[in-house]
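**Q** Each chain, letter by letter, is given below.
2 protein chains.
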Amino acid sequence: MIKRAVEMKPLIDLCAEGGRGELALTKMSDYFNGPDKLEMFAYAELEPGAEVGYHVHIGEMESYYIITGEGTYNDNGVSVPIKSGDMTYTPNGEGHGIKNTGTAPLGFIALIVKD
Amino acid sequence: MIKRAVEMKPLIDLCAEGGRGELALTKMSDYFNGPDKLEMFAYAELEPGAEVGYHVHIGEMESYYIITGEGTYNDNGVSVPIKSGDMTYTPNGEGHGIKNTGTAPLGFIALIVKD
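Each protein sequence line maps, in turn, to chains B and G.
Residue 73 in our numbering sits at position 73 of the first sequence, and the numbers go up by one each step.
Residue 4 in our numbering sits at position 4 of the second sequence, and the numbers go up by one each step.
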């Protein structure tokens, strides 16, 4: 099965996880009937200055793969710079947040799998 | 946890699944201890003309998200063009293949989750 980019509609969140600015979240896994453990496979895009606030994952992990742009990642309380090609991992019980500190969109894959 | 692009080494496969040409597969999920059901979360890149041969998935699903480039996707026996922003889904028991028909690398995310 194939879903074209234009067939998938991003959800717009203006203060994701208590953050700020626009997050456009395309939940690709909503378009197929995947395994129960696959909570979310999504393409996320933060506009410049926008931020997904810090939040903790319970009973699941999340991994980001940064496709384009640059930003700051809150890695369970420690702030680090991130850019295209980097991968992050938040295990069950830990937290994270992400902010676009550049002038272009920050685009990344967000994968959540339950334990 | 963060893994920088330069810290993750791609595996080079010259005839992936009976295909041809170079596939560079960065298995990001090899760098963290994720849930058992998460078989693979990877960044894949096919050089121009390269191909992952048709293969069937048993006991698991695979989804691709096309990041860059253009190609042809074999969707369980039906050949269709694909490009940046498209998403594919191969459920348990079905098959797929992918070929780079462009002049630039074809880069995509490959996600495999067991049933």
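By construction, these hints were calculated from the structure, which means they are not laboratory data.
Hints are not guaranteed to be accurate.
Identical copies go unnamed one by one, so any copy, or any two together, can satisfy a pair.
[To be verified] Derived BS3-like pairs (lysine-lysine); straight-line CA-CA distance at most 25 Å:
1. Lys-37 with Lys-83
2. Lys-3 with Lys-27
3. Lys-37 with Lys-27
4. Lys-3 with Lys-83
The structure presented is a predicted model; accordingly, all values stated were derived computationally and were not measured.
**Q** Could you run down the list of hints and mark each one as holding or not?
**A** Quick rundown of the hints versus the structure:
In this assembly of identical chains, the alpha carbons of Lys-37 and Lys-83 never lie at most 25 Å apart, being 28 Å within a copy and 28 Å across copies at closest. Taking the closest pair of Cα atoms, Lys-3 and Lys-27 come within 25 Å of each other both inside a single copy (12 Å) and across two copies (24 Å). Taking the shortest alpha-carbon separations for Lys-37 and Lys-27, both the intra-copy value of 15 Å and the inter-copy value of 20 Å come in at or below 25 Å. Taking identical chains as interchangeable, the C-alpha atoms of Lys-3 and Lys-83 lie at most 25 Å apart only when they sit on different chains, with a minimum of 11 Å there against 27 Å within one chain.
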